[in-house]
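S.K.: Chain residues, written in single-letter form:
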Amino acid sequence: MAGQALGQGLRPVKEVFEQVGVMVILTVRTLLAAVRSPYPYGEELVWQFLFVLRLSWFPLIVSTFALNFGAPGLQAAGILSLFGALDRLGGFFVVIAIRWIGPLVTAVVVAGVAGTAITADLGARKIREELDALQVLGVDPVKNLVVPRFLALMIVTALLDIFAIVMGLTAGIAAELLYHQPLGGFFATLFSNATITDLWASVMMCTMFGAIVAVVCSYKGMSASGGAAGVGRAVNQAVVISLVAVFFFQFVVSSVILATNPELQAVR
Amino acid sequence: MKGMIPWLEVPRNWLDAFGEIGRFGLRVAGQVFSGRVFKFFGESLRQAGILVFGSALIIWAFVFILGLQCGLQGAYFNRSIGAPSLAGVFSAYCDLREGLPYAFGYILAAKVGTGIVAEIGAMRISDEIDALEVMGIQPITFLCATRLLGAWIAIPFLYLIGIGLIYAASYLSVVQQVGDVSSGGYLLIFWMYQSPPDLIFSLIKGMVMATVIVLVGCYYGYTASGGPIGVGTATAKSMVFNVVAVHIIGMLGTVIFWGANPRAPIGG
Numbered sequence: 001m002a003g004q005a006l007g008q009g010l011r012p013v014k015e016v017f018e019q020v021g022v023m024v025i026l027t028v029r030t031l032l033a034a035v036r037s038p039y040p041y042g043e044e045l046v047w048q049f050l051f052v053l054r055l056s057w058f059p060l061i062v063s064t065f066a067l068n069f070g071a072p073g074l075q076a077a078g079i080l081s082l083f084g085a086l087d088r089l090g091g092f093f094v095v096i097a098i099r100w101i102g103p104l105v106t107a108v109v110v111a112g113v114a115g116t117a118i119t120a121d122l123g124a125r126k127i128r129e130e131l132d133a134l135q136v137l138g139v140d141p142v143k144n145l146v147v148p149r150f151l152a153l154m155i156v157t158a159l160l161d162i163f164a165i166v167m168g169l170t171a172g173i174a175a176e177l178l179y180h181q182p183l184g185g186f187f188a189t190l191f192s193n194a195t196i197t198d199l200w201a202s203v204m205m206c207t208m209f210g211a212i213v214a215v216v217c218s219y220k221g222m223s224a225s226g227g228a229a230g231v232g233r234a235v236n237q238a239v240v241i242s243l244v245a246v247f248f249f250q251f252v253v254s255s256v257i258l259a260t261n262p263e264l265q266a267v268r
Numbered sequence: 001m002k003g004m005i006p007w008l009e010v011p012r013n014w015l016d017a018f019g020e021i022g023r024f025g026l027r028v029a030g031q032v033f034s035g036r037v038f039k040f041f042g043e044s045l046r047q048a049g050i051l052v053f054g055s056a057l058i059i060w061a062f063v064f065i066l067g068l069q070c071g072l073q074g075a076y077f078n079r080s081i082g083a084p085s086l087a088g089v090f091s092a093y094c095d096l097r098e099g100l101p102y103a104f105g106y107i108l109a110a111k112v113g114t115g116i117v118a119e120i121g122a123m124r125i126s127d128e129i130d131a132l133e134v135m136g137i138q139p140i141t142f143l144c145a146t147r148l149l150g151a152w153i154a155i156p157f158l159y160l161i162g163i164g165l166i167y168a169a170s171y172l173s174v175v176q177q178v179g180d181v182s183s184g185g186y187l188l189i190f191w192m193y194q195s196p197p198d199l200i201f202s203l204i205k206g207m208v209m210a211t212v213i214v215l216v217g218c219y220y221g222y223t224a225s226g227g228p229i230g231v232g233t234a235t236a237k238s239m240v241f242n243v244v245a246v247h248i249i250g251m252l253g254t255v256i257f258w259g260a261n262p263r264a265p266i267g268g
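Protein chains in written order, with this note's numbering: chain G, 1 to 268; chain S, 1 to 268.
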């Protein structure tokens, strides 16, 4: 009786572990399919890349500018202006725009815009039994559908991260100009604080986010079931899981990078 | 005309959706404010219950992870300017003013917003909404206004508990994980840099986001069309709109509440 109750209570935990396991298996299968010949996914890869870029560029630009202008821009400029130290905003933007918000907003936008589109697309194919038909025809859905999306999302997130950083710094400049501050100090502290480690860590992190979003959203789309409500529910679960996974992953990775690179902590 | 400049399709569609959602949202809010929704007060309470039991845990987990990240970045940033004991300033601003509303908005859009689209969209596809109309029940009142009222009942409490969790998370990462500052020194600065009005402003920001997310979810669900695939597409579209809306609301909130006055306990 007690064991049964415990089993009932632990069922969600078990489901979580099962899902994570299946997603890891899908990741490995995707990686293997990506490197093994033949390579039939070239055209689809280009198409997916352009598709994701076309969907994401506008939300990304608006979101990064808004977030960086409000959160680090105005809040930090407000308190720095009390010290008369508005030129330090540049150093602050290294932390915020490059290390943290650039990858984070890129991941949120890509998960919300491209990830949901991927899940809806693959889920619709699953519901219409197109995936089963592909398998019957001898076409591997992982190689032909998941791999191009996986690679395209990894490339796009790395690219969009650069745009996010540029827009973030633009927002910082806007905040400086709002406070009638010459921009020399901003750029001086920005470039003396920024390191190459910051940049590659940001881009690398973002590439990983793209991989996570692609695997989660492809998995949820390919395992959609249950008619009309099923695809919608798959999109819902896919975006929740991607966001939580991305945020958790970012915390772990930035803990490791910050703790193991002393040049990021030097006083400048 | 359509498809003349494909790259501008996204902003144009977005502007289009903005107007439609504004009109729809005013109609739903009108149903709540005119008191017509209280005919279905039981349904509103049920929706509030679903929100608490279905989404609270995931919302809090997400908020907790962002709190860890806030503390981590703040601790390392303050170390790099040579003032590690002032990490509390960063955490206080990051947690209450910016981090929590954004984290709340993201996860609400992902979990609650897309969930509503999937649910109402499935009802629309299987003609249940038409059936409601035939039975003489206003579908907008019964489906959308009750969800809005339910969100208004439940979400303030979820938000306030989220504040407690995000504070605990920042404390953990600043004092326990990085450990540059003692517990007392951190908490002294941390509590000094916030005040009750900040809490109210933060809550207003979060509630505006929640309202917009619920209304957007209702709109896309209510107007879903095109079979099971249509529900998935509508769910994806709602997420795109919500991501941008959350950022814009966050920026406007910061400009309105803290733009002119940083509300810090220092300076003249």
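Worth flagging that the hints you see were computed from the coordinates, not collected in a lab.
In this text, a Cβ means the ideal position worked out from N, Cα and C, and glycines have one as well.
You may find that some hints are simply not true.
[As the list claims (entries may be wrong)] Computed, partial: chain S to chain G, Cβ under 10 Å:
1) 115
2) 224
3) 244
4) 259
[To be verified] Negatives, chain G to chain S, calculated, CB over 10 Å:
5) 3
6) 14
7) 20
8) 92
9) 127
10) 133
11) 136
12) 140
13) 155
S.K.: Indicate, hint by hint, whether the structure satisfies it.
M.R.: Right, here's what the structure says about each hint:
no.: 1; hint: 115; in the structure: holds (5 Å)
no.: 2; hint: 224; in the structure: holds (8 Å)
no.: 3; hint: 244; in the structure: holds (5 Å)
no.: 4; hint: 259; in the structure: holds (6 Å)
no.: 5; hint: 3; in the structure: holds (24 Å)
no.: 6; hint: 14; in the structure: holds (16 Å)
no.: 7; hint: 20; in the structure: holds (15 Å)
no.: 8; hint: 92; in the structure: violated (7 Å)
no.: 9; hint: 127; in the structure: violated (5 Å)
no.: 10; hint: 133; in the structure: holds (16 Å)
no.: 11; hint: 136; in the structure: holds (21 Å)
no.: 12; hint: 140; in the structure: holds (23 Å)
no.: 13; hint: 155; in the structure: holds (18 Å)
Violated hints, in rising order: 8, 9; the structure is consistent with all others.
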